[in-house]
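Each chain, written out:
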Amino acid sequence: MDRAAEERIRDFSEVDLGFTAEEAVAEAQRCIQCKKPKCVEGCPVGIDIPAFVKAIAEEDFKKAVTIIKQDNMLPAICGRVCPQETQCQGVCILGKKGNPISIGHLERFVADVEEKRECPIPAEPSGKKVAVVGSGPAGLSAAAELARLGHAVTVFESLHEAGGVLMYGIPAFRLPKDIVQAEIDAVKRLGVEIKTNHVVGRSVPVEELLSYDAVFLGTGAGLPYFMGIEGENLPGIYSANEFLTRVNLMGAQNFPIFDTPVKRGKKVVVIGGGNVAMDAARVAKRMGSDVTLMYRRTEADMPARLDEVRHAKEEGITFMTATNPVRFVGENNAVCGVEAVKMEIGEPGEDGRSSIKEIEGSNFVVEADVVVEAIGQGPNPLLLRMMPDLARNRNGSVTVNEVGQTSIAKVYAGGDVATGAATVILAMGTAKDAARAIDAKLRE
Amino acid sequence: MEEYTIIQAQALSDAVFEMWIHAPQVARNAKAGQFCIIHPDGAGERVPLTISGTEGDNIRIAFMAIGTTTKLLSTLKAGDVLRDVVGPLGCPSEIAEGNETVVIVGGGVGVACTPILAEAAKKAGNYVIGIIGARTKDLLIFEDDMKELCDELYVTTDDGSYGIKGFASGPLKDLCESGRKIDKVWIIGPGMMMKVTSEVTRPYNIKTFVSLNPVMVDGTGMCGSCRVTVGGEMKFACVDGPEFDAHIVDWDDLMARQRMYMAEEKQSLEYHEEHHECRCRKVN
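Protein chains in written order, with my numbering: chain A, 71 to 514; chain B, -11 to 272.
By construction, these hints were calculated from the structure, which means they are not laboratory data. All C-beta atoms in this analysis are idealised placements derived from N, C-alpha and C, irrespective of residue type, glycine included. Incorrect hints may have been included.
[Claimed, not checked] When the alpha-carbon atoms are kept at most 27 Å apart in a straight line, the in silico DSS-like pairs for lysine-lysine are as follows:
id	chain 1	residue 1	chain 2	residue 2
1	B	Lys65	A	Lys265
2	A	Lys265	B	Lys19
3	A	Lys133	A	Lys265
[To be verified] Among the chain A residues that face chain B by a calculated CB cut under 10 Å, a handful are:
id	residue
4	Asn267
5	Gly290
6	Gln323
7	Asn324
8	Ile327
9	Asp329
10	Pro331
11	Lys333
12	Val399
13	Gly407
14	Glu443
15	Asn450
So that you can see chain A by itself, here it is in the shape it has in the complex (with noise of 0.2 Å):
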């Protein structure tokens, strides 16, 4: 079901087609219907799998999507990039002697059937306004749990385009963005605003985000990371976030006849073993560079999706694991090349990743012009510093209790900047749950 590899590196098209509705119904048939089911409890969300996966199999795929959008809101985003292997797939006891079902191909396939994306009816008015900060997966996962409820929801996003990480960083060939588009809509249409151009702290004062009945914030894990090390700021060195919103955002894959510009590198090094990375290598390919992974530990300890790591190599990607970045090297006022050393893989520690040590002595250079960090990220400081009482935990994520309240009272917060930087659907539930926690509060 994916696209040959040499014809998909040309474009930017959805690389895996999904199901058609043979296959469909062929692999939901294939589930025993457990009657204690593994799957829904390694669903974050906790949508009811075999239930959805029955009506697949009995060709009722309306009713599939209706259960499924009694838990998750946006089935065809997270039927795309939902790390599976590690959540429902994972603990399908199929999987034990055989293959899994595929559940987000299943997911996937119902959400993109469904023509016009119906949205539940919401209640009756409740009166209360409540202010959503940011409009990636938690912002709209709550404005639409928040709005179903019968609350006045006002959504303020800092960019040109509602959709956040959706449209600003998984590219188009991962998650297309007609797909983003339609749930935005879905969500508008259940009467959410979103406002683009708005930031919080600076277009939006605080005092005037403190005056709706209450305010989630899902402003994402923006803030790029950066190594540190020498020649870091050498022309031709890119965050991920800046490489993939040139080019997701901005459209620098067609410059210039959109106008943002990005360096087309001959080589390319991309650092990092996560989806970012593996989207910006794959990105980079896709505008003819030659892309080398380079990644500190081995390649079972990427955090990456199974399905990236496999497309990436497909690609013709050229990972390089155990090894690590010590200094980018400069000429001519750009960067020619990064410096780095292997690295010693030990044993796992207790996040079960390789233990890794640097090898002394084994620096060599790698050939690159240009290079993109993808080593993570944090909150976005921003709106952050502008509510100094928000209580913050050691790595600077918003503290919240279990249902997603902060420490200011009427402010709750979810997604990756209350939790660090994590999965969409990890996103949407806490954002569900907070919006669920506001509702119960504002009815007291």
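The hints should help you fit chain B onto chain A, whose structure is shown.
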């Protein structure tokens, strides 16, 4: 009125343009030293521009038409609507509450940033000295505004076609050498001008701010394109600045990064000159 409508647009010189734009959320919250980002159409760049002033729900900007997107912007007229205007962004200038003598130095299109700063400094009760300079008389902007706002104003042109002949650093040097009490200096202009001019105040230990203008994308701390080295540390001009202590800025680093896309800028201009019809891109 529709958000982001151009209220007034005029050419200040061959290359420098002034605009008033209806942007209530920006205008109501803008303070001296902050900037906005203008995204004229869906295919253009997001252009960061310092806010020159506000009046009611309107903001004033001035820009040099130098790249494809700013050239497009310069062709727009009153009544046209911009796709996006976002701001205010960045931290406001650190203006003291009165009794200070401040010098505000603007060079070239950087003079655009000086009126809002002079106004704020004056309003806070400071004694405000302005120095504005341009290469030649025709390129000098906002002289009338500054004349009205400043307690003293010096005007320079590199070629001597108007005012004092020479760079804006000249009058600043004279002021420093005169032994007059100067508490703070702001210098806003091209990178090289800021680098050279800020050397004037270093021997006198005068707190000197510069407004840095590296390449930006989002302007909200999300991409790191605008990273600069200040005091040996990495800072993002969009959220940590744009104003920084002039005496600890790594100027070579800033200017190298500013030049990063010069080849692409030329390529884009050539392309759009050739494909003129593409300027009515229907991508909004």
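Each hint, compared with the structure:
1. Lys65/B x Lys265/A: Given that 27 Å is the threshold and the Cα spacing comes to 26 Å, the pair holds.
2. Lys265/A x Lys19/B: Holds - the C-alpha atoms of lysine 19/B and lysine 265/A are around 22 Å apart, at most 27 Å.
3. Lys133/A x Lys265/A: violated, 33 Å
4. Asn267: holds, 4 Å
5. Gly290: holds, 9 Å
6. Gln323: For glutamine 323/A, the interface hint is violated, since the closest Cβ of chain B sits about 13 Å away, which is over 10 Å.
7. Asn324: holds, 8 Å
8. Ile327: holds, 7 Å
9. Asp329: holds, 5 Å
10. Pro331: Because about 4 Å separates proline 331/A from the closest Cβ in chain B, which is inside the 10 Å limit, the hint holds.
11. Lys333: Holds. Min distance 8 Å.
12. Val399: violated, 15 Å
13. Gly407: Constraint on glycine 407/A not satisfied, violated at 17 Å.
14. Glu443: holds, 9 Å
15. Asn450: holds, 5 Å
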